[in-house]
Amino acid sequence: MTNHPSDDELIQHGSGDLPAHAQDEVDTHLRLCAPCRAISDDVRESLALVHLADVPDPGADFEDRMWARISPLVPRQRRLWSARQLVPVIAWAAVVIGMLAVSAASLSYRDRSRFPVNTSLETRSGAPRRVLLAALDDHFAETEMLLVELLNGPGTGHESLEFERATAGDLVASGRLYRETAEDTGQRQFAEIIDELEPVLVDVARSQDAVEQDELAGWRERIEDAGLLFKVRAATNEVRVRREPPVSTGKGAL
Amino acid sequence: MQPDDRAAVAQALGGDQAAYHLLVERHGRSIYRMAYRMTGRREDAEDIVQEAFVRAFRQLGRFEARANFGTWLYRIGFNCAIDYVRSRRHRETCALPETLERLVAERGECSTADRVYAGQIQAQVSQALDSLTVQERTAFVMRHYHECAIEEISDALGVKTNAAKHAVFRAVKKMRAALRPLVTPTEVGRRVTGT
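Chains as they are written, first to last, in my numbering: chain X, 1 to 254; chain W, 1 to 195.
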């Protein structure tokens with residue numbers, strides 16, 4: 001190598017990301033050229049500094065906090081679901097939640113149907129975006145609840161999943177509307193998550209009255225393998241972050 | 001005497017909640033550190049820790065007793081973090097160039113004594129990592145903390161190999177610029193402003 005390697009090449013060399021022959025050429029050059037060696041050392045030292053830094057301490061109560069969050073989602077649920085005497089309670093809860101969900105979905109549908117078509121106006125006003133975020137908050141929360149039900153419900157065969165089936169049907173219908181609006185308002189990541197959820201929800205919605213154990217196991221595997229529950233939780237968090245009012249909005253919307 | 005990890009896994013599989021609690025206490029922080037590096041946010045890192053342990057619990061039956069629980073869990077946590085980053089990737093807010101420039105300018109005149117403080121290094125590295133985009137940060141952490149191959153990074157980010165390589169490259173470049181005040185002065189100014 002007769003010319004000096006560029007800074008970019010030296011950085012790539014330091015990260016080991018140059019092709020093998022170029023890596024060798026730079027090695028040779030560095031042995032002969034002190035100024036380039038200085039830059040290379042600088043890159044290496046910068047990277048070494050990164051390894052010296054640890055992450056902020058999560059606090060002395062970290063383990064307790066985490067356990068408080070994890071424990072309700074693991075063994076206790078298993079025991080809860082295996083306790084047959086709780087089934088009537090759960091069924092009543094499901095009916096109440098179902099009624100609330102249907103009300104929320106119909107309200108969201110009405111709100112959605114009023115969305116203006118003009119994308120530029122939507123962007124300017126921000127109102128449809130806020131309505132969408134409010135609707136998505138409910139939508140993802142309901143989806144999360146359904147996924148948790150499917151993952152943790154009994155799996156001993158011939159299950160009647162009438163509530164889950166109805167909820168999945170509602171979620172598919174509302175999800176299609178929200179997906180379209182999400183795309184119109186430039187929030188593609190939500191549209192993608194809804195897309196990812198749809199195949200499983202459609203299968204649940206179209207299932208027979210008595211679901212076989214294998215079928216249920218298949219849904220669970222798909223939910224787990226695709227990390228759907230986690231993605232929905234992340235989406236919910238994201239929706240809530242976006243719903244928070246901005247720190248400074250100037251003189252206000254149009 | 002507390003059970004080792006394998007015994008704790010066996011007990012947790014039998015429904016012993018305390019045994020799983022013990023595993024959370026033993027391994028929670030290591031997952032947290034990895035997750036924090038990947039996301040740069042405490043709340044996100046804690047979400048990932050939660051998800052990793054919940055996922056691990058569901059897969060506990062598949063854990064092979066001969067394996068190392070910590071390594072197995074770490075891999076699950078790592079996948080959770082990648083899922084998280086993927087789900088956030090469209091939210092990515094490109095770091096404004098002035099952020100880095102300001103950062104360098106503010107720290108430009110560090111004394112030698114200051115540089116030895118680990119706290120300062122930590123703060124600077126955190127700030128530098130925060131200034132990366134989500135994609136750059138993930139690529140950088142995977143490459144330089146976890147020594148992942150470029151192909152693994154491109155898989156994780158859902159981008160082509162070349163784009164993954166460039167994400168690492170851009171990240172190193174930005175990290176170097178941000179950390180320059182902490183690095184021993186050399187002749188690096190020689191061609192910084194042009195080769």
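Calculated directly from the structure, the hints in this document are not laboratory data. All of these numbers come straight from a predicted model, not from anything done at the bench. We put the CB at the ideal spot given by N, CA and C, even for glycine. Honestly, I wouldn't trust all of these hints.
Listed below are several chain W residues computed to face chain X (Cβ distance under 10 Å; list not exhaustive) [to be verified]:
id : residue
1  : D4
2  : Y20
3  : V24
4  : R37
5  : A45
6  : F53
7  : R58
8  : T71
9  : R75
10 : F78
11 : C80
12 : Y84
13 : I121
14 : F140
15 : A163
16 : K165
Far from chain W, by Cβ distances over 10 Å, these chain X residues were calculated [what the hints assert, rightly or not]:
id : residue
17 : G14
18 : L73
19 : R129
20 : D138
21 : E180
22 : I193
(Q) So G14 of chain X supposedly isn't at the interface. Is its beta-carbon more than 10 Å from every beta-carbon in chain W? (A) Not fine: 7 Å to the nearest Cβ puts G14 of chain X too close to chain W.
Q.
Given a cut of 10 Å on the nearest C-beta pair, is the interface hint for Y84 of chain W held or broken against chain X?
A. Y84 of chain W check passes; min Cβ-Cβ to chain X is 6 Å, inside 10 Å.
Q | Interface hint compliance - A163 of chain W to chain X, C-beta minimum distance less than 10 Å | A | With a minimum Cβ separation of about 13 Å from chain X (threshold 10 Å), the hint on A163 of chain W is violated.
Q) Was the hint right that F140 of chain W lines chain X, CB cutoff 10 Å? A) holds, 8 Å
Q: So, A45 of chain W near chain X? Judge it on the closest CB pair being under 10 Å.
A: With Cβ-Cβ at 8 Å, under 10 Å, it holds.
Q.
Quick check on Y20 of chain W please, does its C-beta sit within 10 Å of some C-beta on chain X?
A. For Y20 of chain W, the interface hint holds, since the closest Cβ of chain X sits about 6 Å away, which is under 10 Å.
(Q) Hint validation: F78 of chain W versus chain X, beta carbon distance must be below 10 Å. Holds or violated? (A) Since chain X brings no Cβ nearer than about 12 Å to F78 of chain W, farther than 10 Å, the hint is violated.
**Q.** Agreement of hint R58 of chain W with chain X interface, Cβ distance less than 10 Å
**A.** Where the cut-off is 10 Å and the nearest Cβ of chain X is about 6 Å from R58 of chain W, the hint holds.
Q) Checking the smallest CB distance to chain W, is L73 of chain X really beyond 10 Å? A) Label violated. Min Cβ-Cβ 5 Å, cutoff 10 Å.
Q.
For I193 of chain X, is the shortest CB-to-CB distance to chain W above 10 Å, so the non-interface label stands?
A. violated, 7 Å
(Q) The hint names D4 of chain W as touching chain X; please verify it with the least Cβ-Cβ distance against 10 Å. (A) Where the cut-off is 10 Å and the nearest Cβ of chain X is about 18 Å from D4 of chain W, the hint is violated.
Q) Per the stated criterion, does the least C-beta distance between R129 of chain X and chain W lie above 10 Å, as a non-interface residue requires? A) Correct as stated: the minimum Cβ-Cβ distance to chain W is 14 Å, above 10 Å.
In summary, the numbered hints that this structure violates are 1, 8, 9, 10, 15, 17, 18 and 22.
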